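Student: From these two lone chains plus the hints, build me the complex, please.
Here the protein sequences come in this chain order: U and L.
Anchor point for the first sequence: position 48 equals 48 in the working numbering, and the numbering is continuous, going up by one each time.
Anchor point for the second sequence: position 180 equals 1180 in the working numbering, and the numbering is continuous, going up by one each time.
By construction, these hints were calculated from the structure, which means they are not laboratory data.
It is possible that some hints are incorrect.
[Unchecked claim] Taking lysine-lysine pairs in the DSS-like style, the calculated list, with each CA pair at most 25 Å apart, reads:
1) K1171/L <-> K104/U
2) K1025/L <-> K1014/L
3) K104/U <-> K1149/L
Predicted, not measured: the structure shown is a model, and the values here were computed from it.
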Amino acid sequence: MKECLVVDDSAVIRKVACRILEEMEFETAEAVDGKEALDFCKEHMPDAILLDWNMPVMDGLEFLTALRSEQGGQDPVVVFCTTENDINHITTALGAGANEYIMKPFDREIIEAKFQQVGLL
Amino acid sequence: MNPGDYEFIGQLLKQRSGLVLAPGKDYLLESRLMPIVRERGLNSLDELVAELRRPTSESLQTEVTEAMTTNESFFFRDNTPFDLFREDMLPALLEARATRRRLRIWCAACSTGQEPYSLSIILKEMADKLVGWRIEIVATDLSSEVLEKAKAGMYSQFEVQRGMPIQLLVKYFTQVGDLWNIDAGIRAMVDYRKLNLLEGFSQLGTFDIIFCRNVLIYFDQPTKATVLGGVASVMAPDGYLLLGAAETVLGITDAFKPVPNKRGLYAPTTQVSETLRDSAFGSAIPKLQAV
Chain U
1 MKECLVVDDS AVIRKVACRI LEEMEFETAE AVDGKEALDF CKEHMPDAIL
51 LDWNMPVMDG LEFLTALRSE QGGQDPVVVF CTTENDINHI TTALGAGANE
101 YIMKPFDREI IEAKFQQVGL L
Chain L
1001 MNPGDYEFIG QLLKQRSGLV LAPGKDYLLE SRLMPIVRER GLNSLDELVA
1051 ELRRPTSESL QTEVTEAMTT NESFFFRDNT PFDLFREDML PALLEARATR
1101 RRLRIWCAAC STGQEPYSLS IILKEMADKL VGWRIEIVAT DLSSEVLEKA
1151 KAGMYSQFEV QRGMPIQLLV KYFTQVGDLW NIDAGIRAMV DYRKLNLLEG
1201 FSQLGTFDII FCRNVLIYFD QPTKATVLGG VASVMAPDGY LLLGAAETVL
1251 GITDAFKPVP NKRGLYAPTT QVSETLRDSA FGSAIPKLQA V
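Next comes chain L alone, as it looks inside the complex (with noise of 0.2 Å):
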């Protein structure tokens, strides 16, 4: 590809979903927009940049955004981030909202619906302790492929043996020919909204645990402090939020704190201030303008 059209994929992406897009990268590009390519009847990435600066490509723009920003995704990835959400988080939360009993999570980066999943079955298996208890799980993500599939709820073998344990898989899915489907049950906890991280979300409201996986890597320094002071301000003062294995707060915002011997688990500092939540949604990221 040459270096002009690299450069403007690299600009669309930055824009559109605050995605940076390292110089190098030709296989990604290749192997994530090739199917794009062949399912418009193009013949190359050159075409398809063609495509995409004419100033009628919107739907292909978002297409070919969502398409770069998808990532697989595992049940239970990683495992300490549940054994945190388990052991950690929800004792706390349980006592110190013994009297309101209602507690909201979200998932910022859902992807296909694994990890909302996760948290919806950690729930159910302890519903006895839950008795009276109204938990919302809000999952969002950029993309309408990835959440129609999260709704959907419906997983290959090759998915659902990457985390979710023999056990559970009995316990919550139903087989349907070569699939496997989550339980109704399991589905209805989950409240899956489309939304991009740069647009600001206060509209979702506050909560109590927020789960921003492996997405803070893809955005540059600058994007990655507005996104954070969004999530502080979204966020309750004894709330948590969790980050993924490869990411951290540390020399990027001063809005959130690790808690000590807890990897990957941060809580909020003090209150946010009005110029913080400002700084966050003031601006909405203006939409690419076709050169």
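The following block holds chain U by itself, in its conformation from the complex (with noise of 0.2 Å):
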């Protein structure tokens, strides 16, 4: 089974992507913001990681900057999915390493498409 780990500081947002997660048969994990995502990375990477931009301590692009140069952080998928939806922000996103894109509000369908795109499905 694979593993997500879901960032977001969110609570409705993480439990509801979390329960799309669970029907696409991933095993899910969560944390409030990218310096809790990142400690959990360090004891051990999971497959894909669903990634909020805007979040307190630590935000999402710090986040993949971070896990990018992390031992092993090339591996994970990462999917940002924020409400940025402009073209500079998807551009940065990607210039850091980020996989996919999803502009909120989103959809069981929108999570199933793109995690098809990058091969997690």
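Tutor: Here's what the structure looks like:
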């Protein structure tokens, strides 16, 4: 079973995302900000990371940059999932090593389509 | 809805589009037709049916048929067909047509354009292999409304996220407010035409690749056979037909056979006979008489 780490400061979003991912037969874990996510990844790398952008303590972009310079940090497939929906944010995220990008609001079909494209399904 | 009205709408849809309205689809009628009810200032589906029964209801009948036959569409829907296009059909045909350097592709139920645009993007991405080739994409649909949307190439955030990889979104779309507009260069690769599959299509010429996905499922067996016979008659002998995941030619027509181990992909069997050609195009569907 593949594991997906859901990183979002909103408990509601984490719950919705986890439910969708579990229906897609993922094991899920949660982190409330980039710092918590980075600590989790240093312990062990998940297969996938669904990543919010705007979070307190450490935001999604800082997290992604830090992750990609960790040992084994190239491995997880990172899918941004954020309300930032302009082309500049998207290209910045891709430049920092994001594999896919979801513009909120999202639904099950979008997550499924995106995960399929990056080979997680 | 009373059974008489339900049957009336069923007959109307069958005659005008071939769509078979199974019993118990009241929810579908309601969700698709209530917008028309409201738009026309009517109060209920019953009133809409009463309007449809009037002898002067031609344009309303068209509107209702279009509303019932419109499908949601995704970019790169189901992935496999597009992999087959890129990795099987194109390599074979690029070799077979190396002298003429010409290919014709038909999307037979293109809806709001996601399928032809997905094919265009694949072709654009491999442009270096296609120098000197002339590749035409003809995309048809029954509904003028979806064709207008397809031509405009303007999609919501939800629509572009269902299937369009983010790198390709960035590369081939421009953000316009909340919407995403596909590049003029990609739009120009597709020739959109309004077409009812039941009225024959020999005027389109012949094709090397035909995508006819998720449209046969709405037809009954004889109609499926007629449409597939027609498709065979406009297809190159070494061409390819792609059907939707839930569709097949087996038990319906001998004109195509499945390509082994390639899900959804079919090849024409032999030279299509004149008889088949005639039966496919001999009779246009008569206009529905008001009752």
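Student: So if I understand the rule, the pair passes when the alpha-carbon distance is 25 Å or less; does K104/U with K1149/L pass?
Tutor: holds, 24 Å
Student: Is the hinted pair K1025/L and K1014/L satisfied, with a Cα-Cα distance of at most 25 Å?
Tutor: The hint holds at about 14 Å.
Student: Hey, K1171/L versus K104/U, does the alpha-carbon distance stay inside 25 Å?
Tutor: Between K1171/L and K104/U the Cα gap is close to 20 Å, so the pair holds against 25 Å.
Consistency note: the structure conflicts with none of the earlier hints.
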